[in-house]
Structures are given as C-alpha cells and as structure tokens.
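Enquirer: Sequence:
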Amino acid sequence: NNWIELIFNDSFCNVSELQEIVNSMKKKKKFHLLKDGTILNLQEKFFQDLEQVFDTVGASKINSKSVQVPIFKILQLEQCVDSKNLPPEAIKFLHDLRNYKTINYPIDKELALKLRDYQKEGDRWLFNLAYYRLSGILADDMGLGKSLEVITLLKSCKTKNPNLIVAPASLTFNWYNEFKKWTPSLDVMLITGNSATRESLIKQIKPGQTVITSYDYLKRDIEIYKTMAFHFMIIDEAQAIKNYQTKNSEAVKEIRSVSRFAITGTPIENSLADLWSIFDFCLPGYLKSYESFKNEYEVNIVKNHDQEALSKLNHQIAPFILRRTKNDVLRELPAKFEQVIYAPMSEEQEKVYNATLLQARDKIIQTGGENKMYIFSMLTRLRQICCHPSLYIDSYAGDSAKLNLLQTIVYDSIQSNHRVLIFSQFTSMLD
Numbered sequence: 034n035n036w037i038e039l040i041f042n043d044s045f046c047n048v049s050e051l052q053e054i055v056n057s058m059k060k061k062k063k064f065h066l067l068k069d070g071t072i073l074n075l076q077e078k079f080f081q082d083l084e085q086v087f088d089t090v091g092a093s094k095i096n097s098k099s100v101q102v103p104i105f106k107i108l109q110l111e112q113c114v115d116s117k118n119l120p121p122e123a124i125k126f127l128h129d130l131r132n133y134k135t136i137n138y139p140i141d142k143e144l145a146l147k148l149r150d151y152q153k154e155g156d157r158w159l160f161n162l163a164y165y166r167l168s169g170i171l172a173d174d175m176g177l178g179k180s181l182e183v184i185t186l187l188k189s190c191k192t193k194n195p196n197l198i199v200a201p202a203s204l205t206f207n208w209y210n211e212f213k214k215w216t217p218s219l220d221v222m223l224i225t226g227n228s229a230t231r232e233s234l235i236k237q238i239k240p241g242q243t244v245i246t247s248y249d250y251l252k253r254d255i256e257i258y259k260t261m262a263f264h265f266m267i268i269d270e271a272q273a274i275k276n277y278q279t280k281n282s283e284a285v286k287e288i289r290s291v292s293r294f295a296i297t298g299t300p301i302e303n304s305l306a307d308l309w310s311i312f313d314f315c316l317p318g319y320l321k322s323y324e325s326f327k328n329e330y331e332v333n334i335v336k337n338h339d340q341e342a343l344s345k346l347n348h349q350i351a352p353f354i355l356r357r358t359k360n361d362v363l364r365e366l367p368a369k370f371e372q373v374i375y376a377p378m379s380e381e382q383e384k385v386y387n388a389t390l391l392q393a394r395d396k397i398i399q400t401g402g403e404n405k406m407y408i409f410s411m412l413t414r415l416r417q418i419c420c421h422p423s424l425y426i427d428s429y430a431g432d433s434a435k436l437n438l439l440q441t442i443v444y445d446s447i448q449s450n451h452r453v454l455i456f457s458q459f460t461s462m463l464d
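In this text, residue positions in the sequence shown follow the numbering used here: the first is 34, and each later residue adds one.
Simulated from the structure, these hints should not be mistaken for laboratory data.
You may find that some hints are simply not true.
Said to hold, decoys possible - Derived lysine to any residue pairs resembling SDA-like cross-links, with alpha carbons at most 20 Å apart:
no., residue 1, residue 2
1, K327, Q278
2, K384, Y323
3, K321, K345
4, K125, K61
5, K125, D141
6, K213, Q372
7, K213, L234
8, K193, K98
9, K259, G241
10, K59, S325
11, K214, C190
12, K98, Q76
13, K188, Q242
14, K345, P195
15, K188, P240
16, K63, F80
17, K117, V100
18, K191, K98
19, K134, A172
20, K193, R166
21, K280, I334
22, K213, K61
23, K321, N56
24, K213, N227
25, K252, T299
26, K61, K280
27, K134, K286
28, K286, P195
29, K63, I40
30, K153, K359
31, K191, F160
32, K384, H421
33, K188, I136
34, K142, K98
35, K106, K359
36, K125, H421
37, K191, A172
38, K142, Q76
39, K384, K327
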C-alpha cells in the first residue's frame, strides 16, 4: 500500500534514549552520555544518519520499536539506510522513479499517434507517479502541450472515482474545448453558472467523469467538494497557490484525491516559498512544515548560498518535477503552431452585450434594415464590448474576460522569457 516500515533495534538503546540522543545532536553537543555510562561520539556518521531518520519520520511518532512512513520518504532516507535492508519493492520504486523513460505504460492508441516524443516521455513520467499513487509538478515551458499530456493520462487511465481539474476562470472553457478536440468521447463536465446551477451540476458528477471548475468556484463550493473523493486532481497555472495562506491554496488542499498534479510554467516565481506551497499540495508533509523548510533550505540557499543545502533539496524534489524548455525539444516543434484560446464573457460583460444586441435588433426591425451604416456601427460596438465594454461605455466598472485572459498569457510569457506581439483593431484596447 505504498507504506514502508522502519524497525529500530532496541539492543542498542531504547526508544526514549534515542530521542534524548537526537535532542543532544540538535543542541550541537559533541558527546552524549547513556544511562549505562556509555559515552557516544555524536560526530560519527551513524548519528548524523540517525538525526536524518528522526527528522524525516518526526521524532514524536517514534514511540515504539517501529514506525510506518510513506514510501516516497525513502528518498530522504536513502543516504542513511543500508540498501541491503531495503525490501525489493522499495528498490524497484527507487529504480522506476529515476528510470521512467524506459517504462512503457498503456497510452491511449489514438492519442499516442498525435503525441510528440517529448510528450510521450512526459506521459510516462505522469503514469509512473500515478502508478505509485504519487503526485508531482509538470513544469514544462509554455506552449509545449502540458494540457494534452494530462488529457492523455485521463483518457488512458480508467478510474472509479471522478477526476477534478481546477484552472483560472479564464481557462476553464479552454480546457473543456481541448477535451472535445482531442477526446470527444470522454465524459467531461464544466461546472459554471450561478450558485444553484453549480450545486446541481456537482451533485450530478458520475464515477470516472472528468470535472472542470475554476479556483473561484471551488472556493465557493468547497463544502460540497469536501464530501467527495476524486482519483486525479489537476491544478492548472499552479502559481495561483504559491502563497500557502490564500483561500485558493487552502481550498485545493482540502480536496481528497489519490494523485495530484500541479501544472505551471513557473514553479518558482518570487521565492522558494512558492515551491514549498505547491509541494504542500502535491505531497503534503514531504518538505515538512513551512517553518522547517524555511530554516533548513530557504534561508541557507537564498541568503547563505549553501550549495550543500541546494544539492540536498534538488535530490529530494527532482523525481517529482518535470521541466522541459522549448530549447530542450526544439527539434520536435513545428516552425509555427496556432492555438485558439476561448474567453467566454464575464457575467456583467454578457449583460451589457445582450442589452446592446437587443437594442440594435429592435431598431433594425423597426427600420426594416435599411440603414446599413447603423448595422455596421452596431456590429463594431458589439465587437468592442467583446474586447472590453469600457471601449463603448465610459461608466462601465466591470471586468473583461478577454483582458483577464490576455493578462494571464502575457504574464506567463514574460515569466518564461518569451517576447510577445499583441494586435488589436482597436487602439483604445491596446491603451
């Protein structure tokens, strides 16, 4: 069940004395006196390993001769546990974790024909973690097709429980359309609308179905989602939870699921705290509490430029992050590819659009459609409202779905060091 048991040999000393030894090490003492009078040299590697074991497992949990820990914590104990003492399953786990490229998982045949080689490799990475009921961060560069890799995973894995995708509101329809484009036969539901409509849709969720919602809707509907169990949970633009104290972060971490994958082009935007928060979603407790992470890694790496701490952190997180840039896969990319991203109007924006449309329609009917200039001018007005209603109505105080989506794209592009060229027929929109 992906748990491993550590057994402590009490011929050396009892568990309570072990804790006292570790306390002495934390106080930077060089020696420790056992109750039988034995003096221990705490500078030996054995005791450094012992401290790492206690640190990984949690000293408070060691109150008997054995303790169970999730198998992925083997990565944190690998350097201090004799490989001869590891069970075959743990050895296979460590091998598979680092050699996922050579493992062939059953990818959906139709989609396999459409995937580039690096995307197939990405799916092997996803499948491998999913096989061990683990989670990770898919951090490929923008435009490399992360969504297609996720869709392939969901199409290829038949799950009893439903799957949940959470994305910024501006991208939920895009996810829905991507599913319809690549896997029209897959049962996908988009949760949108007012509170009553969303509640009704959520209650209709079926086993094996893929559900798409936004961070904002998830926060509002969290009490319903908390009662449910999902197999895969995917969060898109995972930098939305980089601050672990926000409602976005708290909501996604309350959902029960077997495997969790965070998708982002920028896993670290401002500080290592961003990385900790995303890992706290994917593998809760793996990097311990934020205070422990800050003291052990963030301060030492950022302020003290501690290469040993950096190397240790890299060793622990590398198997759970997949990051490729365009330069890494340049030979597989076409000279140019086009992507249509859909931006359904916001509620307030849609009201303005419908009211303007109704007004124009009434006038055209009244005049018999003879005033061609009026028709063309109203078509222009409607197009302006689609961009941003304030291009037409000075007093408009709401938002624009298209502008919100554009800001997300531009922000991600800049974070990935891309150059951006933006066109609009309306110079006022550019302003």
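Enquirer: Now, for every hint given, state plainly whether the structure supports it.
Expert: To see whether the hints hold, each was checked on the structure:
1. K327 to Q278: Holds, at roughly 15 Å.
2. K384 to Y323: Cα-Cα ~44 Å, so violated.
3. K321 to K345: Roughly 14 Å between the alpha carbons, so the hint for K321 and K345 holds.
4. K125 to K61: Outside the cut-off at roughly 37 Å; violated.
5. K125 to D141: violated (25 Å)
6. K213 to Q372: holds (14 Å)
7. K213 to L234: Judged against 20 Å, a Cα distance of about 19 Å means the pair holds.
8. K193 to K98: violated (37 Å)
9. K259 to G241: holds (18 Å)
10. K59 to S325: Given pair K59, S325 holds - Cα atoms ~13 Å apart, limit 20 Å.
11. K214 to C190: holds (18 Å)
12. K98 to Q76: violated (24 Å)
13. K188 to Q242: Roughly 10 Å separates the two Cα atoms, so the pair holds.
14. K345 to P195: violated (36 Å)
15. K188 to P240: The hint holds at about 14 Å.
16. K63 to F80: Distance ~11 Å between K63 and F80 Cα, so the pair holds.
17. K117 to V100: holds (19 Å)
18. K191 to K98: Since the Cα atoms of K191 and K98 sit roughly 40 Å apart, the hinted pair is violated (cutoff 20 Å).
19. K134 to A172: holds (17 Å)
20. K193 to R166: Between K193 and R166 the Cα gap is close to 14 Å, so the pair holds against 20 Å.
21. K280 to I334: Since the Cα atoms of K280 and I334 sit roughly 28 Å apart, the hinted pair is violated (cutoff 20 Å).
22. K213 to K61: violated (60 Å)
23. K321 to N56: holds (18 Å)
24. K213 to N227: violated (24 Å)
25. K252 to T299: Measuring from Cα to Cα gives roughly 23 Å; hence the hint is violated.
26. K61 to K280: violated (39 Å)
27. K134 to K286: Status violated; Cα separation ~30 Å.
28. K286 to P195: holds (17 Å)
29. K63 to I40: At roughly 26 Å apart (the allowed maximum being 20 Å), I40 and K63 break the hint.
30. K153 to K359: Satisfied, since the Cα-Cα distance of roughly 16 Å is no more than 20 Å.
31. K191 to F160: holds (12 Å)
32. K384 to H421: holds (13 Å)
33. K188 to I136: holds (19 Å)
34. K142 to K98: violated (49 Å)
35. K106 to K359: violated (32 Å)
36. K125 to H421: Not OK: K125 and H421 at ~56 Å, beyond 20 Å, violated.
37. K191 to A172: The given pair, whose Cα atoms are some 25 Å apart, is violated under the 20 Å limit.
38. K142 to Q76: Given that 20 Å is the threshold and the Cα spacing comes to 56 Å, the pair is violated.
39. K384 to K327: Given that 20 Å is the threshold and the Cα spacing comes to 48 Å, the pair is violated.
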